[in-house]
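K.L.:
For this one, chain L is given, so just place chain E on it according to the hints.
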Amino acid sequence: MGMRSSAVKDMWQKGMGGLILAAYAFFCYLMAGISAQYVSLAPDVAFLGIKQDYVHLGYYRLAFFVHAFTALLALPAGFTQFSGFLRKKYPLLHRRAGYLYVGVILLLAAPSGLVIGIFANGGWSSQLAFCLLAVLWFVSTLQALRYARKRNWRLHRDFMYRSFALTLSAITLRAWKYALVALFHPPPMEVYRLVAWLGWGLNLALVEIWIWKNSGRAGSLFVWFGKKA
Amino acid sequence: MKYLLLLVVSVCLLACSDSKPAAANETALPAENQPVAKKIQPSEGCFLGAFEADKYRETEVDYYLSNKITLCVDRIAGDSVFGHSVVAGNSRPFRGIVTEKSEVNLTVVAQEPGDDPYDGAFKFVLIPGSDSLAGIWEANNQKLAVYQRKYSLERRVFSYDPQLDLPERVKWNLLYGTGNPYADAGEFLTEAVTTLNPSKEKLTVSQVENMYRGDLEVIRNSIYARHGYSFKNRKMRYVFDHVDWYMPYSVDVRDQFTPLEKENIALISRYEAHAARYYDSFGR
Chain L
1 MGMRSSAVKD MWQKGMGGLI LAAYAFFCYL MAGISAQYVS LAPDVAFLGI KQDYVHLGYY
61 RLAFFVHAFT ALLALPAGFT QFSGFLRKKY PLLHRRAGYL YVGVILLLAA PSGLVIGIFA
121 NGGWSSQLAF CLLAVLWFVS TLQALRYARK RNWRLHRDFM YRSFALTLSA ITLRAWKYAL
181 VALFHPPPME VYRLVAWLGW GLNLALVEIW IWKNSGRAGS LFVWFGKKA
Chain E
230 MKYLLLLVVS VCLLACSDSK PAAANETALP AENQPVAKKI QPSEGCFLGA FEADKYRETE
290 VDYYLSNKIT LCVDRIAGDS VFGHSVVAGN SRPFRGIVTE KSEVNLTVVA QEPGDDPYDG
350 AFKFVLIPGS DSLAGIWEAN NQKLAVYQRK YSLERRVFSY DPQLDLPERV KWNLLYGTGN
410 PYADAGEFLT EAVTTLNPSK EKLTVSQVEN MYRGDLEVIR NSIYARHGYS FKNRKMRYVF
470 DHVDWYMPYS VDVRDQFTPL EKENIALISR YEAHAARYYD SFGR
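Protein chains in written order, with the working numbering: chain L, 1 to 229; chain E, 230 to 513.
Because the hints were derived from the structure by calculation, they are not lab data. One thing to keep in mind: the hints can contain errors.
Said to hold, decoys possible - Just the calculated beta-carbon pair ranges, DEER-fashion:
| # | chain 1 | residue 1 | chain 2 | residue 2 | range |
| --- | --- | --- | --- | --- | --- |
| 1 | E | R384 | L | L30 | 50 to 60 Å |
| 2 | L | R149 | E | K431 | 49 to 59 Å |
| 3 | L | I118 | E | T487 | 32 to 42 Å |
| 4 | L | P187 | E | S498 | 10 to 20 Å |
| 5 | E | K461 | L | L30 | 57 to 67 Å |
Claimed, not checked - Here are the simulated DMTMM-like cross-link-like pairs (lysine to aspartate or glutamate), alpha carbons at most 20 Å apart as the crow flies:
| # | chain 1 | residue 1 | chain 2 | residue 2 |
| --- | --- | --- | --- | --- |
| 6 | E | K491 | L | D44 |
| 7 | E | K491 | E | E438 |
| 8 | E | K379 | E | E367 |
| 9 | E | K431 | E | D348 |
| 10 | E | K372 | E | E287 |
| 11 | E | K491 | L | D53 |
| 12 | E | K400 | E | D360 |
| 13 | E | K431 | L | D53 |
Claimed, not checked - Just a few of them, taken from the derived set where beta-carbon distance is under 10 Å, the chain L residues facing chain E:
| # | residue |
| --- | --- |
| 14 | A23 |
| 15 | F27 |
| 16 | S40 |
| 17 | D44 |
| 18 | A46 |
| 19 | G49 |
| 20 | I50 |
| 21 | L173 |
| 22 | H185 |
| 23 | V191 |
These numbers come from a predicted model, not from an experiment. Idealized CB from N, CA, C, for every residue including glycine.
Just chain L, same shape as in the assembly (with noise of 0.2 Å):
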């Protein structure tokens, strides 16, 4: 019985990572579908269609691209992160993973982001949610840098919880308005003022509640921009 029970629950177990990875390869190749929109390079493709009051910038059309070809790879590079059986069987390649993701996002994906950020559409309220989405994923990452580093493995594991958190923002944040149109059928720039906050806020605030709840007052908030471990 016990052994029957054991067995239905590591195969419900692998069914469940078998639909997770088969749904997030799935939205990985929707967004590598949207930066493959951009291999052209024209400026005025898709979203760029309505930046044209900015692509005469060169810093903004060199940050735009930056940031179409290069954030993207974060995505399958901090997933793998997260297998316990890839970090104790692989170290190196969790270690070579990490520092993919690590430079991607500290060397290209956050300071682009910064800079589209600071042109968003909608207004201060989005702009403002870009630029601090952009400089939070930034310093999370820094700080799992950091932590791994100094081999503190828990505030490492915390880090990187909140920097694929914001990560994973490139999904939301576009699930979140396909849902939102889908149902309310909103105003295009109140959907994007709105999702511009949902689609990471939501994201980081269920993160800090998990290490909150497993770590307690040392994996809160607090440690966000300190130096101690």
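P.N.:
Here is chain E on its own, set in the frame of chain L:
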């Protein structure tokens, strides 16, 4: 002196162009010539109103039952009548004869050239000097969904006026209402549609970025409507046929746009295209 000159021009036109389609003359004539022509021959001029289905097949839905038409009697010479009509994106010349002439009215029977599948024959009565014209139109092809139409039109002189705003009632237009199988899914008009006049003011990004595609489409097309564009697009006819100032007068108005209107069309088009492709998709 000016009056005399215009008179000479008008007489010359009467004398030397009976074989050309009347439509070409009408568009070439500057608007200021029209009042003079009216004084000489009060039957001539343009008449505006609904071109309503009179006989039609029941199998079709009712989208075609009425279109706004401009019917112009360009010239009457003796018993010959030359004119053209503009309706649903189609400008067609016609020529015919006065079949009955009484103290008070003229009865005209006229044919369209016959090389267009929607050509037919007009029969109408007009009272010289009055402001109305009424009659029927029969399609050459009696198998058309609507093979006979009727109309009761009123005299109107076309003029472009950038100050004309969309009336409040536009936003209640049944185009986007439920039960219209020709409206695109999810499209409708809102309060915002009457707030902007792109023929009058330079539009900004912040004015258009929060607008639905349906509103943007109507606002952009209001520029065309002010210039008297006759819409092929059925949805736009639904909207503009119900606007009192709208007069379909030409099937190509692109060279009439002001620089301001061209800029606004470019801006609105970008947001329209973006809304069409990305508003309800997984993306931004």
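K.L.:
If a hint holds in the structure, say so; if it does not, say that too.
P.N.:
Results of checking the hints against the structure:
1. With their beta carbons about 59 Å apart, E:R384 and L:L30 fall inside the hinted range of 50 to 60 Å.
2. Distance hint check for L:R149 and E:K431: the Cβ-Cβ separation is about 55 Å, which falls inside the suggested range of 49 to 59 Å.
3. Between L:I118 and E:T487 the CB atoms are about 35 Å apart, so this pair conforms to the stated range of 32 to 42 Å.
4. Distance hint for L:P187 and E:S498: a CB-CB separation of about 19 Å, consistent with the stated range 10 to 20 Å.
5. Restraint check, E:K461 to L:L30: a C-beta distance of roughly 36 Å breaks the suggested window 57 to 67 Å.
6. Distance hint between E:K491 and L:D44 is fulfilled; the C-alpha atoms sit about 18 Å from each other, no more than 20 Å.
7. Among the hinted pairs, E:K491 with E:E438 is consistent with the structure: their alpha-carbon atoms are about 18 Å apart, no more than 20 Å.
8. Among the hinted pairs, E:K379 with E:E367 is consistent with the structure: their alpha-carbon atoms are about 9 Å apart, no more than 20 Å.
9. Under the criterion of a C-alpha separation no larger than 20 Å, the hint pairing E:K431 with E:D348 is inconsistent with the structure, at around 41 Å.
10. A distance of roughly 12 Å separates the Cα atoms of E:K372 and E:E287; the hinted pair therefore holds under the 20 Å criterion.
11. Distance hint between E:K491 and L:D53 is fulfilled; the C-alpha atoms sit about 17 Å from each other, no more than 20 Å.
12. Using a Cα cut-off of 20 Å, the hinted pair E:K400 and E:D360 is violated, with the two alpha carbons roughly 31 Å apart.
13. Under the criterion of a C-alpha separation no larger than 20 Å, the hint pairing E:K431 with L:D53 is consistent with the structure, at around 15 Å.
14. At a threshold of 10 Å, the smallest CB-CB gap from L:A23 to chain E is about 13 Å, leaving the interface hint violated.
15. Using the Cβ-Cβ criterion of 10 Å, the hint placing L:F27 at the interface with chain E is satisfied: the shortest such distance is roughly 8 Å.
16. Given hint, L:S40 at the interface with chain E, is violated; its Cβ is 16 Å from that chain's nearest Cβ, farther than 10 Å.
17. At about 8 Å, the closest approach between the beta carbon of L:D44 and any beta carbon in chain E falls short of 10 Å, and the interface hint on this residue holds.
18. Nearest Cβ of chain E to the Cβ of L:A46: about 7 Å, under the 10 Å cut. The hint holds.
19. Below 10 Å, beta-carbon pairs count as interface contacts, and L:G49 has one with chain E at about 5 Å; its hint therefore holds.
20. At its closest, the beta carbon of L:I50 sits 5 Å from a beta carbon of chain E; the interface hint therefore holds under the 10 Å criterion.
21. Because the smallest distance between the Cβ of L:L173 and any Cβ of chain E comes to about 8 Å, under 10 Å, the interface hint for this residue holds.
22. With 10 Å as the threshold, the beta carbon of L:H185 comes within range of chain E, its nearest partner Cβ sitting at about 7 Å, so the hint holds.
23. At about 9 Å, the closest approach between the beta carbon of L:V191 and any beta carbon in chain E falls short of 10 Å, and the interface hint on this residue holds.
Of the numbered hints stated above, those contradicted by the structure are hints 5, 9, 12, 14 and 16, listed in ascending order.
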